[in-house]
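> Sequence:
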Amino acid sequence: MVSQRIVKRTPTKRTLKQSPTARFHGRRSRSSPLKDIASVPTLVAASIDRSIRSCRRRLIKVFTRLVSLSACGSAAAAAAGAQKKRRKKQGFVLLNAAAFPPAEGGEDGPAPPPPPQLQIRRPLPSPACAGRRTLFLDLDETLVHSQTSPPVEKYDFVVRPTVDGQILTFYVVKRPGVEQLLAEAAKHFEIVLFTAGLREYASLVLDRLDPHGEFISHKLYRDSCSEIEGILTKDLSDLGRDLSRVVIVDDNPNSYALQPANAVPVAPFLNDLSDRELWRVMEFFAVAGDFEDTRDAVKSFLSTGGKKTEKNPLP
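Mind the numbering: the sequence shown is residues 24 to 338 in the numbering used here, read in order.
Possibly wrong hints are sitting among the right ones.
To be verified - Here are the simulated lysine-lysine pairs, DSSO-like style, with alpha carbons at most 30 Å apart:
(1) Lys197 - Lys210
(2) Lys242 - Lys210
(3) Lys84 - Lys197
Everything labelled a hint here was simulated from the structure, so no lab data went into it.
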């Protein structure tokens, strides 16, 4: 028998002569250029979308900032407009520089205006009798006592002044000796009634005390007082009278605080019908004639407790 050659075929280690087309089958496959071109629009769209979102966030921030600034500007403009309206409504008063004298020793402009007072006071007219001394008399709690309702048990008269459009009722009690004081003082002094009371009230009381104007030469009211730190005082220095020939009778020390050497103090009258204070004041009239300077007479009178003295008489 002819023996047959057996060829063992195994799947491994097999060497084959590959065809020209077979060599490409073992290489890695590449993507198709057409597929790459097709994916470009998607990438571009994604990039544009991200850019749009970023721009939108930035625009939102910018517009938010602009809105905030606009609101602030509107508020500031409204405030400025309101302030302008207020200023226009209120207005300003321009001071005339020529109304003030120039500052002493310099050319820096006008001097500052004087401190505010109740009014610009003018000196009193000259005394009717030349050389006569001047007696400044207070009214309330010095010559009279008055109060509103309820009335005192016994009063001398009633006055009803109109103050700020309202009618007020005052029950007035005269201090014992007030008529005698006015009559006696008029023999030696020019009498000036100087009160811190309102004109509307005080003038009615004075019309009852001196109805014919026999005793009181001049009347000064609250608007003639000076105000110092909120306290009313009676400044005698600018009333056209020599302070050496002036005396003031008052129950309130604040009234004569600027000229204490010219003051004869009296106790306040509070409806005590046994009061004798005005008789003590009348004793001063006899003392005053013995001194050239009324302030010396006041000092001497007060040092002796209100009794007449012969010290330092006129030659």
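> Hint by hint, which ones does the structure fall short of?
When the structure is compared with the hints, only number 3 turns out to be violated.
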